[in-house]
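Student: Given next are the chains, with one letter for each unit.
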Amino acid sequence: MTPLVQVKSVSQKFGAMCALDDVSLDIAPRSYTVLLGPSGSGKTTLLSILGGFLVPTTGQVLIEGQDCTGMPPAKRPTTTVFQDYALFPHMTVGANVGFGLRMRGVASSERDKRAQEVLKLVGLPEAFGKKPHQLSGGQRQRVALARALVVEPSVLLLDEPLGALDLKLRRQMQEELKAIQKRVGTAFVHVTHDQEEAMALADHCVVMSNGRIEDEGPAERVYSKPASRFSATFMGESTIFSGRVIGSGEIETVFGRWQLATDVKPGSEIVLALRPEHVVIDQKQLLPLGEGRVSDVVFQGSFKRVTASLVKDESLMLLARLPADAVVQTGDMVHFACDPKHVLVLTR
Amino acid sequence: MTQSANARGGAVPWVAVGPALLWTLAFFAAPFIAMALVSVTVKGGGFSLANYQQFFTDPSYYRALFNSLEVTAIVTVISILLAYPFAWILAEQIPERWQRLALILAILPFWTSYVVRSYSWLLVLAEKGVVNNTLVQLGLIAEPIQLANTRFATVTGFVHFFVMLLTLTIFANLKQLSPSYRKAAADLGAGPVRTFLHIILPLTLPGIMVGAFLTFVLATGDYITPQILGGNNELLMPQLIMLQIGRRGDFPLASALSILLMLVVTVAYLACARWLKIERA
Amino acid sequence: MRSAIRLATIIYAVLIYGFIFLPVVTLVLFSFQATSFPIPPFSGPSLRWYQAVLGDARLTSALLNSLAVAVISSAVATLLGFLAAWGFARFRLPASALMRGLITLPLTVSYLIIGMGLLVLFNSIGFPKSLTAAGIGHVVINLPLCFAILYSQMGEHQANIERAARDLGAKEWQVLTLVTAPMLWPALFASFFLSMTFSWDEFVISFLLTRFDTTLPVEIWNLLRSGLNPKTNAVGSLVFLVSIAFVLLFELVFFRKSRS
Numbered sequence: 006m007t008p009l010v011q012v013k014s015v016s017q018k019f020g021a022m023c024a025l026d027d028v029s030l031d032i033a034p035r036s037y038t039v040l041l042g043p044s045g046s047g048k049t050t051l052l053s054i055l056g057g058f059l060v061p062t063t064g065q066v067l068i069e070g071q072d073c074t075g076m077p078p079a080k081r082p083t084t085t086v087f088q089d090y091a092l093f094p095h096m097t098v099g100a101n102v103g104f105g106l107r108m109r110g111v112a113s114s115e116r117d118k119r120a121q122e123v124l125k126l127v128g129l130p131e132a133f134g135k136k137p138h139q140l141s142g143g144q145r146q147r148v149a150l151a152r153a154l155v156v157e158p159s160v161l162l163l164d165e166p167l168g169a170l171d172l173k174l175r176r177q178m179q180e181e182l183k184a185i186q187k188r189v190g191t192a193f194v195h196v197t198h199d200q201e202e203a204m205a206l207a208d209h210c211v212v213m214s215n216g217r218i219e220d221e222g223p224a225e226r227v228y229s230k231p232a233s234r235f236s237a238t239f240m241g242e243s244t245i246f247s248g249r250v251i252g253s254g255e256i257e258t259v260f261g262r263w264q265l266a267t268d269v270k271p272g273s274e275i276v277l278a279l280r281p282e283h284v285v286i287d288q289k290q291l292l293p294l295g296e297g298r299v300s301d302v303v304f305q306g307s308f309k310r311v312t313a314s315l316v317k318d319e320s321l322m323l324l325a326r327l328p329a330d331a332v333v334q335t336g337d338m339v340h341f342a343c344d345p346k347h348v349l350v351l352t353r
Numbered sequence: 011m012t013q014s015a016n017a018r019g020g021a022v023p024w025v026a027v028g029p030a031l032l033w034t035l036a037f038f039a040a041p042f043i044a045m046a047l048v049s050v051t052v053k054g055g056g057f058s059l060a061n062y063q064q065f066f067t068d069p070s071y072y073r074a075l076f077n078s079l080e081v082t083a084i085v086t087v088i089s090i091l092l093a094y095p096f097a098w099i100l101a102e103q104i105p106e107r108w109q110r111l112a113l114i115l116a117i118l119p120f121w122t123s124y125v126v127r128s129y130s131w132l133l134v135l136a137e138k139g140v141v142n143n144t145l146v147q148l149g150l151i152a153e154p155i156q157l158a159n160t161r162f163a164t165v166t167g168f169v170h171f172f173v174m175l176l177t178l179t180i181f182a183n184l185k186q187l188s189p190s191y192r193k194a195a196a197d198l199g200a201g202p203v204r205t206f207l208h209i210i211l212p213l214t215l216p217g218i219m220v221g222a223f224l225t226f227v228l229a230t231g232d233y234i235t236p237q238i239l240g241g242n243n244e245l246l247m248p249q250l251i252m253l254q255i256g257r258r259g260d261f262p263l264a265s266a267l268s269i270l271l272m273l274v275v276t277v278a279y280l281a282c283a284r285w286l287k288i289e290r291a
Numbered sequence: 003m004r005s006a007i008r009l010a011t012i013i014y015a016v017l018i019y020g021f022i023f024l025p026v027v028t029l030v031l032f033s034f035q036a037t038s039f040p041i042p043p044f045s046g047p048s049l050r051w052y053q054a055v056l057g058d059a060r061l062t063s064a065l066l067n068s069l070a071v072a073v074i075s076s077a078v079a080t081l082l083g084f085l086a087a088w089g090f091a092r093f094r095l096p097a098s099a100l101m102r103g104l105i106t107l108p109l110t111v112s113y114l115i116i117g118m119g120l121l122v123l124f125n126s127i128g129f130p131k132s133l134t135a136a137g138i139g140h141v142v143i144n145l146p147l148c149f150a151i152l153y154s155q156m157g158e159h160q161a162n163i164e165r166a167a168r169d170l171g172a173k174e175w176q177v178l179t180l181v182t183a184p185m186l187w188p189a190l191f192a193s194f195f196l197s198m199t200f201s202w203d204e205f206v207i208s209f210l211l212t213r214f215d216t217t218l219p220v221e222i223w224n225l226l227r228s229g230l231n232p233k234t235n236a237v238g239s240l241v242f243l244v245s246i247a248f249v250l251l252f253e254l255v256f257f258r259k260s261r262s
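Chains as they are written, first to last, in my numbering: chain A, 6 to 353; chain B, 11 to 291; chain C, 3 to 262.
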């Protein structure tokens, strides 16, 4: 399958600051891509470049095989849903949604008909005659989505679209966004700093940091086999510690020598990451982490989130997700262990 | 989307800002340059600094600038003294929901034309006008006293306008003050007088300064008020300038006087700007 | 003690209000004078001076001139100010601060000096004294004001809304007319209205730059040469009435807007 969007070695400099550093990315048709990263990671800059609001310092952007690098927003087959929705405050919802069609010279009756259809698609058929200020945040967000979708773009760009909503509404809108995307079949590119949102939505998850792509791929793969230390800590939580490969399948750590299947060549310095749900207690047959003093226990309903400092290396704060019925209290000394098949070996 | 101002736009921004820029250059900057050039000539002759020389050597000329500055100083001080308590009453003593009405009432008389306002004061201060008539009727004076065509009349006309202006700026400033300042001061043991001197007054100084600066610019440049109310007994700078134009058609001298007046205002502006910045820091 | 302060407060407020209202009350009262001098004792009420004003072709044409100059010069000032504010707010231009400073500079220069400058310039290039010349001067004094008001209203949120319009295919002129201007309608109206009042009231520039056809303040000035005259009172009262009608209109339009 040829990619719908190809970003080729794009860099963006603002004065001395490098917001994007040689980024390349392919986006498949009909896919839901999420750009995930902390603020300042370059994700919004990349979205602006895709939307045509910024011309990159170097590099190329191809959409549907056509070079769009310097093409203004209106000319390219993309539309953007803005973080603050950017609805036209003086127009009705119907006029807002119909605006793009009006600019394309579509007659008023046809415009209204299609605007009405898209409003139905986003679940707001009754809002047609209202003004934006009469709507709630979630409803405005749907209008913004409808306005961008009505012109049938090849790629829909969403800039932190759920950022202004409260948590519950955000989770609900996530599901709807995903459902709408599947229904219309347009490729969505969605920027967020919320890793749960990314995991819930992404077919293709792109983790960014410091103007570079740290990791990309299906959300499940990025979570279970992160490519870097950054992505292991940003996409979910991890306990990170260092090690050295001393022979094939043997790694030296503060906890002793571990037998782990790895193809990293002997002599390399590596980083090991442990997901909290893979840490267990009182199971001596697994890889031992030694004793640790529990410094915090937070009951989360279905599990207990435990923090502990290990005797072998007191600077290391171990994160563990233990069963809800585990008997641990702050101050307890507990034997921790982990399953070798879940230890993540990272080279960067 | 934090990078708001993108380089993209090409000719569009220049088409947008061009007309205003050209207008300002053609009808503000160019006239000023023309005036500066004309000011260093003499009527019907070539280059000469005679106009400036005349201003600095002829007492009847530089006297006008002193008169202007004196009148402005008197007006500013009286206006602040009258306006401050009034603004305080409006902001603190009148219930919140009446404040808007009280302010509108205080501004209402200023919606007459500016020429008419000075004329109205002439009616009030004329030899047989309202004030003299009342005073004679009350038996306080035997004969009408001369009020019109004096510096007193000019100052009255100016004060009338600037009390309104200063009331607005000081009122705005008082309203911005958080009531907790006063409570904090009282809590720490300051009485009303010390609260005023150490807390309220310093915090409303910016409002006073803005008003005083506006007073300065507007009063030094105003022709109508001194001409109608003060008459020709004592000339202020704008009257002197208009005299060169009207009676003698002496554009070079009028230009030189205008430039001198503007320099004085600019110096005051720079002094004020610096002072306000220090206040803020 | 407390009630003494209260009393002093009331007396002071009444005195200041008295001072503020004394001239305008005198003006309006003696506009109804029946005899020929607007000084006590009051001999009215009579409408003869109002009839005299309305029958005076010079005054009525000056009033129309004033309105025309005010409307046209305010429209030009608002349009130029709007375009410039948009240009500076939305695009990165070289020496932007300097150019913005230049556009707002006339705010700190007195009308007399602006009028003098234009008089000298027009005189040297042979541009005749006229209502057009006065209108040009009025745009010079009002443009910085309109620019400052509108520039302060151009926020980042609106920039995003304009971006959305552009993204959906609007050309620059469509962005301006369909999105930016309607969004900034209150600020545009305020700019236009303020310019109107300043132009309507402006004397010295019109005085210096017009000759035969002139504006109302200049015509009132000409009336003053005949000394105290109830006819001047009547014109003044009429101007007062028109101005208050303007203000009421402004309040109504704005209140309705802010409520909806």
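No lab work stands behind these hints, which were simulated from the structure alone.
Any given hint might turn out to be false.
[Stated by the list, open to error] In silico DMTMM-like links for lysine to aspartate or glutamate, alpha-carbon gap of 20 Å or less:
hint, chain 1, residue 1, chain 2, residue 2
1, A, K187, A, D208
2, A, K136, A, D89
3, A, K183, A, E165
4, C, K131, B, D260
5, A, K118, A, E157
6, A, K80, C, E174
This structure is a prediction, so every number in the text was calculated from the model and none was measured.
Student: For every hint, state whether the structure bears it out.
Tutor: Hint by hint, here is what the structure shows:
1. A distance of roughly 11 Å separates the Cα atoms of K187(A) and D208(A); the hinted pair therefore holds under the 20 Å criterion.
2. For the proposed pair K136(A) and D89(A), the alpha carbon gap of about 16 Å is at most 20 Å, so the pair holds.
3. Distance restraint check for K183(A) and E165(A): the Cα-Cα separation of roughly 15 Å lies within the 20 Å cut-off, and the hinted pair is therefore satisfied.
4. Taken as a hint, the K131(C) and D260(B) pair is honoured in the structure, with Cα atoms around 17 Å apart against an allowance of 20 Å.
5. Distance check on the hinted pair: K118(A) and E157(A) sit about 15 Å apart at the alpha-carbon level, within 20 Å; holds.
6. At roughly 13 Å between alpha-carbon atoms, K80(A) and E174(C) fall within 20 Å of each other, so this suggested pair holds.
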